[in-house]
Every structure is written in structure tokens, then in C-alpha cells.
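Enquirer: With chain R held as given, fit chain D with the ligands onto it using these hints.
One line per chain: the protein sequences are R and D, in this order.
So in the numbering used here, spot 336 of the first sequence is number 672, and the numbers just go up one at a time.
So in the numbering used here, spot 131 of the second sequence is number 137, and the numbers just go up one at a time.
Keep in mind that a hint or two might mislead.
[As the list claims (entries may be wrong)] So the derived list for chain R, only partly shown, Cβ under 10 Å to chain D, looks like this:
1. Gly656
2. Glu660
3. Arg662
4. Ala663
5. Lys812
6. Gly816
7. Cys818
8. Ser826
9. Arg847
10. Arg897
11. Phe900
12. Glu907
13. Ala908
14. Cys912
15. Leu916
In short, the hints are calculated from the structure, not lab data.
Glycine residues also receive a C-beta, built at the ideal position from the N, C-alpha and C atoms.
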Amino acid sequence: MISIPVKLKKPADIEAFAHSLKNPEHTPARIVRVCIGTGCAAKGSRKLYELFLEAAKEHGENIRIEAKCVGCHGFCERGPIVVIEPGEIFYQQVEEPDVAEIFRETVLGGKILDRLLYEDAGTEKKARTEMEIPFYKVQHRIVLAGNGRIDPTKITDYIAEGGYSAIAKVLSSMTPEEVIKEIEVAGLRGRGGGGFPTARKWRSCREADGLPKYVICNGDEGDPGAFMDRSIMEGNPHSVIEGMLIGAYAIGSEHGYMYVRNEYPLAIEHLKTAISQAREMGLLGQNILNSSFSFDIRINRGGGAFVCGESTALMASLEGCTGEPRAKYVHTVESGLRGKPTNLNNVETWANVPQIINRGGKWFAGIGTEKSKGTKVFSLVGKVLNTGLVEVPMGLTLRRIIDEIGGGMRDGKRFKAVQTGGPSGGCIPSENLDTRVDFEELTQLGSMMGSGGMIVMDEDTCMVRVARYFTEFLQKESCGKCTPCREGISQMLYILDRITDAEGQVGDIERLEELAELLEGTALCALGKTAANPVISTIRYFRDEYDAHIRDRRCPAKECRGLFRYEIDEEACKACGICLKNCPVNAITGEKKVPHVIDQDKCTLCGMCWEKCPFTAVLKI
Amino acid sequence: MPLHCRLKNIKKGKPVPTVTIDGRKVRVKKDATVLDAANKADIWIPTLCYHPALSPDAACRLCMVELDRGEWRQLITACNYPVRKDIVVYVSSERAKMARRGVMELLLARAPESEELKALAARIGVKETRYPTVTESQRNCILCGLCVKVCEEIIGQSAIGFTGRGVERTVAAPFRQPSEDCIGCGACVAVCPVGTIKMRIHKSEQEVEISPFKSRVKLLVCEECGEPVVSMQVNERVLGMVKGNIEDFLKHWRLCPKCRRSRTAARFQEVTGCEKD
Ligand SMILES: Cc1cc2nc3c(=O)[nH]c(=O)nc-3n(C[C@H](O)[C@H](O)[C@H](O)COP(=O)(O)O)c2cc1C
Ligand code: SF4
Ligand code: FES
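One chain only, chain R, in its complex shape:
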């Protein structure tokens, strides 16, 4: 292996260096790639890596074997994931005892261990490589392409895969305006939620008066359940750095910040390592690659609140103030951090940039829909068979994402809705499953792209409760600065609480709608302005469920306590007496061989009988 090198002195050095890295003399014959993304690491993949490392060492020198750590593959549910080269053999759910066998049979012997391959639940076909697994087949990986391939702690890995060639190209042959043009041709839009055209933002910041100018990467990712940005920062930190370098060059900035959520220690560690390696090689700092362009990046840990991801709150937090939003009547590209022109982009936005420069804006614009280009990473969770991180071309339908990548619904349940866009997104019902996922289409459905959350819900989910859940999240995360958000969300939650507590009043839907309109029109920042989306979209598509709660005192999904009752199915009851013994209020009567009965007056709806019945004879009615 080549040890860390050389300071790169001119743009052409990068290509030469990448070339030398690919020299067969330096490349190992066998590679074991162990995923150390957060999901796999939680299942003990670090230990697997150490075991492979040991095995490779013990084996000695006659075949060069390398064990390496790689970033998240996205299929965390099947982790820990180990991939063997050559052949790209994809092993899933690998455990410690498997290591010796994998090493002996596959790494040394070239034989495939069937039992560790992924098996398709429907066809029962085994998949040898990633590309044979339906979860990956429909995906199109641009920003996640390096994940699962490169060791995020080694700059050489990134360079060997073509990394930093984009900044070399920019510095040797492009003017800042040409860079912005290329991004414009690509049609890249912000992946942090708003979908704002990136080129337009860069240009406004470039043209704004005032120095210094700042470039910031938003790695706050506060949406519950989201881990898109985390996986990029952990799995391919150099791609974000390179994107920022290119952006800074185009904008005319020398100072960059990465604002990373404090709960992401591994991301911070990998970014720190990456930044210091880039500095050592002369890719960050003064006169990069001997050009007149200087740029460096500092890492800041997030303030811990969801609202700190909002652009102005983030900048306040960077300045050391409380992370609270302020009015944006004067845009941050004109007056942002410390009152200076500031360009903020999301992690995924930045990570797209090097690829666009390398492959051209036209190539990027060839992927996606008319107004939404490229791909988007989603975290697909909920009641689908396969969950995880997926990157798909814009314009893929929700149905294909759910059925083909997600593998359809779990436990044979019926699909009810998919929630997209994070806490202030909306719920989309089955009638709209053929919608093509892009910024405009999702907004039109009353939801949004957001940062890429996608939660699939089945028939057992009460939509009023879903609305209540997100409203509660937002109520807790409201910074409390402005009246409509602080007071309005609380009032909405109060109404939702009474609906799900069987105390809904006629007129509550209208009251919710009125509050929603007030929030949208008058709140200070986007948190408050969009906070009513979960409520409004569920009212729009599932109004009958609200009505059932309020008028009929019935929860159709049977989730809301007090809005359904338990009854024992006479036919199914085997009179085993288990429910009777478990009922804490002695509401159940029955004798041997006589079907048991619940006394509805005594029943407190605790659900104990429902849980305990071995014959599923207790029903929710």
C-alpha cells in the first residue's frame, strides 16, 4: 500500500496520483469490505472487521488481502453487510462465527456461501451481488455511489475512485461563472427541503457586496428517523468537502463551516479526519494546488434543536447565539453569518457537485423529471418489507419505491398512506401512489420532498394519531419565539388530543383548518409555516377518519383507546381462561368450555386480553 503522500502541487498531480494508486502492484488481490455504517456497527460489524483484519494478517503474504471499513450500504436492516472482491459477493447478516468460514471458503477458496446471501421473499431466489437484489436494482446511486466502496477514513481511497478530479478540473480550466453555469445546466436543486435552485443561490451570493463570504454545509439533519446526510458524511466525507471547495471557488469564499448534528459523533470524526488529510495533501488551505484560490473548513457541532437546521437559526448558532430563526426579508446570501454574504447548502446538495462537474451538467439533467433533476436519497421506513436508505432518480413513482425497493407491505397488510417530507410533510394515500416523486408533485399533493423521509403506513395506522404525533413533535421543537407557532401548534395539539381521547367536538376540523391557515400565513420561519401540513394533509385525504372519531366516537384503525371496544369472538374462543386471569379489573367472565365474555361496563380498555389471547379470539370492534 502507498502510505500518505505527497503534497499535491498542481491540478494534474491528482490524476497522476490516482493513476499510481491503481497500479496493480499496489492493489490487493482480494478485498473484504465490512460496512461500519451506524446500522451495521450497532450489530457488531467493527468486531467483524477486526477479525477479518487478523485473519488477513495471519494468512501472510502470498496473496495480498485487504480488509477495509466502508460506509453505509443503505440496507441496514440486513446488516452487518460484508462484500468480497473479486465478484462483489454480497453477504448479509454476517455474524462473528461466520468470519472464519467466509475467509476460508470465499476469500481464499472463491466459493460462495449460499446461506449468507440475500434471499428474495417472493421468488426465493438468492442474490450473489448487490445488483441482483431488488432493493438495489431500481436505485440509481450518485451520491451514495462511494458508500460501500471506499474507506471513508482514507483520502487515497477517494482519490483512487476519481475523487478530487472535479476540483482539479475546476481550478485548471473553469472560471467561477462557468462552474455556476454547469450547475445551472444540471438543474441541481437544494436537497435540504426547499428545493431552491443551487446555481441561483450561488450566483446571488457571488454577486452580493461584502467580504468575507461564507460557505456552509448543513449537516444538522434533525428529522426523526432520517439518516441520509449522516450516511454521506460518515461514508464519503471527501465528496462533501470537494463539493464545498467547488462551491467556494464559484462564489468567491475562503471560509467554510460544516454544521453537524452533535448526535453524529462518527460523522464528525470522519469529517475531521478527512479535513486534516485534505489539508496535508494541499487540497484545503492556502493556494490550493498552487492556484490563487484558498479555502478552509471548520466543523461546528449543532446546537441540538431541530430548528437549528433552519438557515438563519443555524447561522445564529454558529455565531454563538441561541439557535433561533430571524426574518429573512433580507436573504442570507446578502446578509447571513455575521452579516456577511453566506451560502448554505445541504450535505446531499454538496455531495452532488463533484459528480456534476466531472460528468457534466447535461448528464445530470438527463436524469429525473422536467423540473427536478438527478436523484434523491430517501430513508424508507415503516411497514414495508425492506427498509433502509435508497437513492432513486427523481420521477420514480411512489408505488415503485414501495413495491420494488421496499418489497411491498409487511405481514400482508394493506397499504394506507405514505408520509414524506419529515415532520412537516404530509400523508399521501393509495390513490396517489402513481405520483412521480419530485419537488412539484409532492407539494401539489399537500406533502413535500423535505429532506427525504418516507414512512409507509398500513391499515392499522390511525391517521388522526399520525397527525397528532407530528404535531406533538413540532410543538416540542418550536423555538417559541413567535406567537402563531408557539401558541398555535399547542392549540392544534390540544384539539387533536381531544379527538383521539374520544372527546372531539363538532367543528374541530374547521378549527384545525383555521389554525393551519393562520400558521401558514403568519409564522416567522418555515417550521411554523409548514407545521400544519400533517394535519391538513390527513384532513384532506382521511377526513372520514376524523369524522368517525368525532361524530361516531369510533377509531377506524382501532388505535385510539376509548374509540373501539374489545370483544371475544365466540367461535374462536377456546375458553382457556388466560384472558380471564390476566384482566386486571375482572371484567371477563366464563367457565370451562363456555366462550368468555367481556363486561363492557367494567372494561378499562387496557388491551391485556387482546395481547394475551393465544387464539386471537379477542377482537377490536
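Expert: This is chain D with the ligands only, laid out in the frame that chain R set:
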């Protein structure tokens, strides 16, 4: 604005934008706010968290007006929207009125006992609120932030600040303890738009208390009649500001205004021999 001034401004490269408010046209300096323009046009916009001496935060959201964006109209806060070009604004459009009333109803639910707030509500057509009180970590405080701002920006003490987030947000001294930094000046009492912050005089202890922050400061007591005059610390500060020949002044600084006046009157009598009527 007279034509020659306008021309002068244009020559200096400073455009003087026109703001059309409910059909009335006024010209304001660039970066003046819509509220400034409305004041100039003699059009009233209700405000709560705005004070001309303080930087605007636009937190209360009561001053909502509609801005004409051509294809659509956007609700904006008048107190901090900077005028940078000719714009058209509607203060009394139905949507703007409804927005202000909606915000007011939420505020009323939070501060149901404030007479000041009720009066302002009545003035914009809100008789009562339909909402129950659901957030009240600090009763009758609408969290406008004026007290925090005046203490920081004008007095320079930052004795109080916001603590807690969202519905838990309150104004308090650090750790919710009486503040060491409070000088008992009462600026917060003066700016509080809903009359929630009060100054209490504890005569027997010769102390002033700023409620609800619980901070207490020793009072200067009139050496003649024993009535409280002002907080000791404010007095010290003011003394530090007085310049020039202050000997005469120093003779009287421990007096309340009433006693000072009667002492002056007595001297006047001594000198002139006239009775003051
Ligand atoms: C409440 C709130 C939270 C946000 N959180 C994030 C976040 O965690 N990450 C992010 O990239 N953008 C977040 N945003 C969006 C940012 O304000 C900003 O629009 C984005 O970072 C701009 O980058 P882009 O143009 O590349 O999308 C948030 C916005 C709001 C209103
Ligand atoms: S909308 Fe909510 S989060 Fe945004 S400033 Fe207002 S209170 Fe804070
Ligand atoms: S007065 Fe404008 S927001 Fe409070």
C-alpha cells in the same frame, strides 16, 4: 418630499422608494420599514413587540399586513419589512385583518387578564378569544421580548433573558433566580405592553422589587421625608453621568423631588423675602 430633495437623493444614488399603503402614497428612505411608512401615511398598524428605540425582532406577529407580489399577496410583518423599492401594501384588507385578529386571539388566550391587551384587542375588533389557555409557563406574559431587549440594548445590563424553548419559553433572570445584574431601573416595567412587569416598593426594607423576576435593589430614601426616591444603583449611574459643576446639585441629591422643590422654595424665600403662593 420637495423635488429638489428628491433630485439630490437620486443624485447621491439613494433611491427614495414609494410605498402605497391602502392606496395612500408615501416616500420613505431606503431600508425604512413598512411600519415607518405607515406612520408617515398616518395609518395605524397594531404592534406589540415593536419599540422605536429597540431593534425589531418581529416575534409577536401582530403587525401583519399584505404585500402585493404581482401574482399573489404575501403576509409580512410591517415592523421589520425593509422597503427597498416601490411596493404596494394593504393594511386593511380582509386577509390582513383576519391574520392580526387570529394572532390576537392566540395572545389573549395566553394573557387573559391583561387590560392593556384586551383594549388593543377591542381596537382591532376582537372581543374575546375562542381558545382555552393551554400554554402558561408565565401567566400573562406574551413573550414579546421588549423587556429583554431594553435591558440589553439600552440599559446594558442583560439581567433578564429568555429561558426554555417553545411552550416552556419564559423571561427570567439566569437560573430563574433573582438577578445580581438588575439595577432596578424599571425600564422593563415601562416597555411591557401588557402591564405584566410591575415595580413593587417594599418600604420597610427600603427595597424595590421588579416582579415577576424577584430581583430586589436597595432604594435611595429621601433624607428629609423618608420616601423612596430611586434605586441606589440607578442613582449611582446617573451621578456618574452628570458633568460640570455639580456641587450645588450634590447638596440635593438625597432628596425626593417634592422635598427638593420645597427646599428650593424656602431658599427662594430667604433670598427674596417673598412668600411663595
Ligand atoms: C425547521 C427547519 C429545519 C431544517 N433542518 C434542516 C436540516 O436538518 N438539514 C438541512 O440541510 N436543511 C434543513 N432545513 C432547510 C434549511 O433551512 C435550508 O433551506 C437548507 O439547508 C438549504 O440548503 P439546500 O438549498 O441545499 O437545500 C431546515 C429548515 C427548517 C425550517
Ligand atoms: S415559526 Fe416556530 S420555530 Fe420558527 S421562529 Fe416562530 S416559534 Fe420559532
Ligand atoms: S410588532 Fe411586528 S411582529 Fe411584533
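Enquirer: Compare the structure with each hint and give your call.
Expert: Hint by hint, here is what the structure shows:
1. Contact between Gly656 of chain R and chain D, as hinted, is not supported at the beta carbon level, the nearest pair being about 14 Å apart and thus beyond 10 Å.
2. The beta carbon of Glu660 of chain R comes within 9 Å of a beta carbon in chain D, closer than 10 Å, and the hint placing it at the interface holds.
3. Given hint, Arg662 of chain R at the interface with chain D, holds; its Cβ is 8 Å from that chain's nearest Cβ, closer than 10 Å.
4. Among the interface hints, the one on Ala663 of chain R holds; its C-beta lies about 5 Å from the nearest C-beta in chain D, closer than the 10 Å criterion.
5. With 10 Å as the threshold, the beta carbon of Lys812 of chain R comes within range of chain D, its nearest partner Cβ sitting at about 6 Å, so the hint holds.
6. A least Cβ separation of about 3 Å between Gly816 of chain R and chain D falls short of the 10 Å threshold, and the interface hint therefore holds.
7. The interface hint given for Cys818 of chain R is met, as the beta carbon of that residue sits about 5 Å from the closest beta carbon of chain D, less than 10 Å.
8. Hint status for Ser826 of chain R relative to chain D: holds, with the closest Cβ pair at about 5 Å, below 10 Å.
9. The criterion of a C-beta within 10 Å of any C-beta in chain D is met by Arg847 of chain R, whose closest approach is roughly 8 Å, and the hint holds.
10. With a least beta-carbon distance of about 22 Å to chain D, the hint placing Arg897 of chain R at the interface is violated under the 10 Å criterion.
11. This hint is violated: Phe900 of chain R has a C-beta 27 Å from the nearest C-beta of chain D, more than the 10 Å allowed.
12. Here the hint on Glu907 of chain R is broken, as its CB sits about 47 Å from the closest CB of chain D, past 10 Å.
13. Against a cut-off of 10 Å between C-beta atoms, the interface hint on Ala908 of chain R is violated, since the closest Cβ of chain D lies about 44 Å away.
14. Restraint check, Cys912 of chain R versus chain D: the minimum CB separation of about 47 Å is more than 10 Å; hint violated.
15. At about 42 Å, the closest approach between the beta carbon of Leu916 of chain R and any beta carbon in chain D exceeds 10 Å, and the interface hint on this residue is violated.
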